[in-house]
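Undergrad: This is what each chain is made of:
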Amino acid sequence: MLPLFQIGSTGQGSIGETAVFQRKVGEIVFAYTVRRLLMLIPVLIGMSIITFSIVHAIPGDPARAILGDKATPEAVEKIRTHLGLDQPLYIQYFEYVKGLLQGDLGESLITQRPIAEEIGPYLAGTMELALLAMGIAIFFGMNLGILSAWRHNSAVDYTAMVIALIGVSMPVFWLGLMEQWVFAQELGWLPSNGRIDPRLGFEPITHFYLLDSLIKGDFYAFNDAFNHMILPAVALGTIPMAIIARMTRSSMLEVMRSDYVRTARAKGVSEFLVIYKHTLKNAFIPILTVFGLQMGLLLGGAVLTETIFSWPGVGQYLVDAINNRDYPVIQSGILIIATLFVLINLIVDLLYAAVDPRIQYGKE
Amino acid sequence: MAETLLELSRFKMHFHTDKGVVKAVDGVDITVDEGEIVGLVGESGCGKSVTSLSVMGLVPQPPGKVEGGSIKLSGRDLTRLKRKEWQRVRGNEVAMIFQEPMTSLNPVFTLGNQMVEAIRQHKEINKKEARQLARETLQEVGISRDGILDEYPHQLSGGMRQRVMIAMAMVCRPKLLIADEPTTALDVTIQAQILDLMRRLNRETNTAILMITHDLGVVAEMCDRIIVMYAGQVVEETDARRLFRNPQHPYTIGLLKSIPQLDRRLERLYSIPGNVPNPRQMPSGCRFVPRCEHALDICREKEPPLFSLEDGHTSRCWLNAEEKEEADRDTTGNTAPSS
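Those protein sequence lines, which keep their order, are chains C and U. For the first sequence, this note's numbering gives the first residue as 4, with consecutive numbering after it. For the second sequence, this note's numbering gives the first residue as -8, with consecutive numbering after it.
Isolated chain U (complex conformation) (with noise of 0.2 angstroms):
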């Protein structure tokens, strides 16, 4: 079994605002593996951006604060650093690509310049020598051409871009890239490239990879395990072939029936009901009620917790619970007819 990596637990990254306080991430638990690929899934606003973010220490604070728990990489809590070590943390141990390669470059620099930055940020070595690493690096996520040092992000198309954001969260070997939506802005053949990049990283660096997306279609592709957020918290979590096949949360059906199928013929798509909650005022219970169809009286009473189902399989619903129970009565008693 492969290192824990990174561990977020009961983390909270909470927004003080004049209109009142908003718990973009409100006890959070996720953990990566080294050279695991995870998937973090949720509509817009959940807190999955706000996570990433946090890992990278760019949550500007004030307006926001971590209101308790901790982020550990390999064993250290990052939210306990000061910022001269956040320095050598950022693009060293865990790197981080957007979801805008249009716009993460910086237009008046060189992409030599800004390579070589990245790389004699954190190691040791003559300019000259970045260069050559940086040419290197580039070469590995497919650009290999003359003189892309001496070129600005201007001249670049979209995914070249992306390729370059890539190589240079990568020049470094950092432990954990987190991925923030790095295809979105892309097309459809030039997603597949950089996911089929991405991948072929992971396996030939070993390096673990936290994918934000709300694209079930990217995660399916890619992601050895799935996290589920919805409103600041970790609805569901398991491996992306039981998510697909046998989800348990309410929330997670709801997005996994919204993707058009090719085998299926429908008037109209489905879409969950309603919309995210407003973050200043959560239901109280259940943070999904007001959406869910299966709501229960305790669900909107009692906020559930994360109920552990088999083989690490979690789910954040009242229905897991008495489904555990029936099959705690089932195996303990054989009381329960066969079906």
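One chain only, chain C, in its complex shape (with noise of 0.2 angstroms):
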């Protein structure tokens, strides 16, 4: 590999150098973020050839999901036509391509409202509960990794690899049934369901209701809102939270082992930052892999939990699209989450190199 990092090696290093040196890296990571972009295109061309064939696939008919089962045949036919849906396949394709480039995800058949307006709200929705669940997943799961590595094969270890079994093979409906018998039903401490209490009359901003609140200084909303939150995303971040804790069981065993952490401890440095430093980071890797391709699929928007608890977000909006016969949004909106699955690697993939300096990126 060739020397990045020129000016330590070379012996000659100043610290003029290494301000010029500092902002050539910027530009390396910043050509290399663009190059990923634009890889992004061939990715959304396939996702929204793949999308348009299985949406038209689907058997049923959008215009007799507008019009209901009672309708003429001759009133099917003008609606059809009035959307183009009488068009060949290919010409139905070009045309929905066309908008795309122009920056049009197109307008719901159901609702006749732009999309772009219409999928944000849910969007937050998800995103919100998305980033909780994956707040709890990684707090709980990477702790109890850490702390079944430390204690290796004693009673600890095999107790926190038993929950993790049990998080990662619990159904989430059944999950998310029983936190509502328990919680709400029985206890009665948190709500069931929705994203706040519709009494409240709350009137979002951004449609993150936390930042939402918060920015009016509404308290009470934003306990209300957080209240709302937290047994949807204790089912959702379950299964991730199992699925990190085995990841970082294993990968700070492997770490443990190592050479430099018995240096770390040869110069006397505390239990807790042999851990939680030395170990740690060089375990991080496989772990932030981890994060991105379970924070990706959260992003995707999680159906089950959102029918379970009546959350408004993206899953639930595209189960709608897709019982509707919804084309357009169910075609704009899978594009969406493929982007935001693509641009999360892409983030993930950038914190490698923040994370191990031996990874470099921008070099043909």
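Because the hints were derived from the structure by calculation, they are not lab data. All values reported here derive from a predicted model rather than from experimental measurement. Treat the hints loosely; a few may be bogus.
To spell it out: a stretch of chain C is covered by chain U in this simulated footprint if at least three of its residues, at any positions, have a beta carbon under 8 angstroms from a beta carbon of chain U; those stretches are [said to hold, decoys possible]: (1) 63 to 73; (2) 269 to 275.
Subject to a maximum C-alpha distance of 30 angstroms in a straight line, what follows is the list of computed DSS-like cross-link-like pairs (lysine-lysine) [claimed, not checked]: (3) U:Lys114 <-> C:Lys280; (4) C:Lys280 <-> U:Lys75; (5) C:Lys280 <-> U:Lys119; (6) C:Lys280 <-> U:Lys118; (7) U:Lys114 <-> C:Lys284; (8) U:Lys73 <-> C:Lys284.
Facing chain U, a subset of chain C residues (Cβ under 8 angstroms, in silico) [to be verified]: (9) Ser261; (10) Asp262; (11) Arg265; (12) Thr266; (13) Tyr279; (14) His281; (15) Lys284; (16) Asn285.
By construction, the Cβ of each residue, glycine as well, lies at the ideal position given by its N, Cα and C atoms.
With the hints as a guide, bring the two chains together.
TA: Below, the structure written as structure tokens:
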């Protein structure tokens, strides 16, 4: 490998050169990011073709879905012509792509509203929930994994891994229902569904309710929105938590055996720092990969969780669209989710380099 | 005479595994005086590394367990220390460098970060002063280029990394430096540089060095005194000159014979027959008996103690007992015919 960090290794480094060099690194990272974003284009073209084909292969007719079962064939035909559904598929596809290139995600067949406008609140709902779920998963998953690696082959280790096993094998809908039954129904501690108490008449700005309530300084709304999030976030975060715990454990175990961890101990470093500084940072790359993948999955919308907790998120939105044969919504919705997925993976790749100085981007 | 710095007496470190107890270190007596360089020699699996890790308190317990004896550093028994107390000893009073410089530094932190951490663990100084001290210590080990503190280990060669390891170990001026095969992974010219460096640091700072190695060449060049270990026990101990001129224990003799000599032409290099005994099933009597050319009946029956010969030379071999008796007769009775 070509040394990227030329300054130090030539032995001629000075402060001025270091600054130049840091700017260079910035440029390289920027170039890499741009290249990765350009690579998004073929991905999106592929995605659009696949979703378009699948969507149109779904049996059923949007015109019928709009008009209902009792509509006359003439009325159905009129709607089909109006929506362009009587055109050959490839023409429909090119019309759709033409719209996309102009930044137009299309309109919902059912509500007649622009999708870009309509999907926003759902996306915000999903993101807010996914972030909290991921936060829970990361915090508990990593600490559980670290604990069981630190006390390898002890009762603590076995207990932690049994918890992880239960977590990964428990069906989300079952966990969600149990949570509702125990914490909402029986104990009455937390609300069982929705994003916020409708009686508050909360007017969202960004549709991230926690953020909005803070902007407004409405702490009562903040508290209420947060309480609404706890149960679905726990249900949603359980499987990622278990996966992260297992990945953390195996990655930590591997690193703990390495020479530099022994060196750290030989320096007199405390056990806490040995684990959380020297071992964890080295064990972090595979854990980070899992973060990215799980976050991507959560952003796709957790249909089951959203259904159980009546959470207005993209999962719900897309399922409704599929039921209504709302072609443009399905296509654009999936395209947006795919884009987010790719972006998250890009962020994860960039973070690799931040975690491990041996990983460098931008070299041809 | 220098004060005794490190004293292991009858020290035993056993490992309790599913398949039985491994007596990795079984009743070892070692002393290191202040400012002295002592070599601990033996083949792989003889317990020399476990001995050194025990002095650092780095043997994982369990499965390891101290089964007896003591490790005294300046009179304080290290085997009784609590975890917090260990943290003040490690890197401060005793420091250690390892065999693999390529993997002994943490790849994801800068050298400055790792050195400053070692310093501030034991000294109450601010970051800037610590960086200055790190820079000075690196200069002492021959690394003086600018910006070194902001570099990562992968940007350095193996020899350079071992220098950094030595600097990191020496930065708090420990009284004892344990070097576990510090040159094994390096090529020969770099080996010589590292050994020179260690000898210079020993002279300048009066830090005692316990050198763990299987390389008798290194020992000959560096050490004042040499301890030979076999199967968890000390089998011979004497000063360097005497060990090479007049080895007593058959194992030591075998080790020395297996070094290639420039002035002797041999078809095949000598090697000690057989293998190191299985640590779970030590042979009865002398542990070296299955491989020994001079084995007597008593060797199979009774474990030999360490016999003291002249000038602090000790050897764990029944042959020495006989020689000693003969020698005693010679001096007291004057009856033996002169040869």
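Undergrad: Against this structure, judge whether each hint is valid.
TA: Results of checking the hints against the structure:
1. Residues of the segment 63 to 73 of chain C lying with their CB closer than 8 angstroms to a CB of chain U number 0, which falls below the three-residue condition for coverage.
2. Requiring three or more residues with a Cβ within less than 8 angstroms of a Cβ of chain U, the coverage given for the segment 269 to 275 of chain C holds, as 6 such residues are present.
3. This hinted pair checks out: U:Lys114 and C:Lys280 have alpha carbons roughly 20 angstroms apart, not beyond 30 angstroms.
4. Proximity of C:Lys280 to U:Lys75 is assessed by CA-CA distance (about 18 angstroms); at most 30 angstroms being required, the pair is judged to hold.
5. About 21 angstroms separates the Cα atoms of C:Lys280 and U:Lys119, which keeps this hinted pair within 30 angstroms; it holds.
6. Simply put, C:Lys280 and U:Lys118 have alpha-carbon atoms about 18 angstroms apart, close enough for the 30 angstroms limit, and the pair holds.
7. Annotation: proposed proximity of U:Lys114 to C:Lys284 holds, straight-line Cα distance about 25 angstroms (limit 30 angstroms).
8. With a C-alpha separation of about 27 angstroms, the suggested pair U:Lys73 and C:Lys284 falls inside the 30 angstroms cut-off, and the hint holds.
9. Proximity of C:Ser261 to chain U holds as hinted, the smallest CB-CB distance being about 6 angstroms (cut-off 8 angstroms).
10. With its C-beta approaching chain U no nearer than about 4 angstroms, C:Asp262 sits inside the 8 angstroms limit, and its interface hint holds.
11. Because the smallest distance between the Cβ of C:Arg265 and any Cβ of chain U comes to about 6 angstroms, under 8 angstroms, the interface hint for this residue holds.
12. Taking 8 angstroms as the C-beta contact cut-off toward chain U, the hint placing C:Thr266 at the interface holds, the least distance being around 5 angstroms.
13. At about 13 angstroms, the closest approach between the beta carbon of C:Tyr279 and any beta carbon in chain U exceeds 8 angstroms, and the interface hint on this residue is violated.
14. The beta carbon of C:His281 is positioned within 8 angstroms of a beta carbon in chain U (closest approach about 6 angstroms), and the interface hint is therefore held.
15. With a cut of 8 angstroms, the hint placing C:Lys284 at the interface with chain U holds, because the nearest CB-to-CB distance is about 5 angstroms.
16. Proximity of C:Asn285 to chain U holds as hinted, the smallest CB-CB distance being about 6 angstroms (cut-off 8 angstroms).
Of the numbered hints listed earlier, those contradicted by the structure are 1 and 13.
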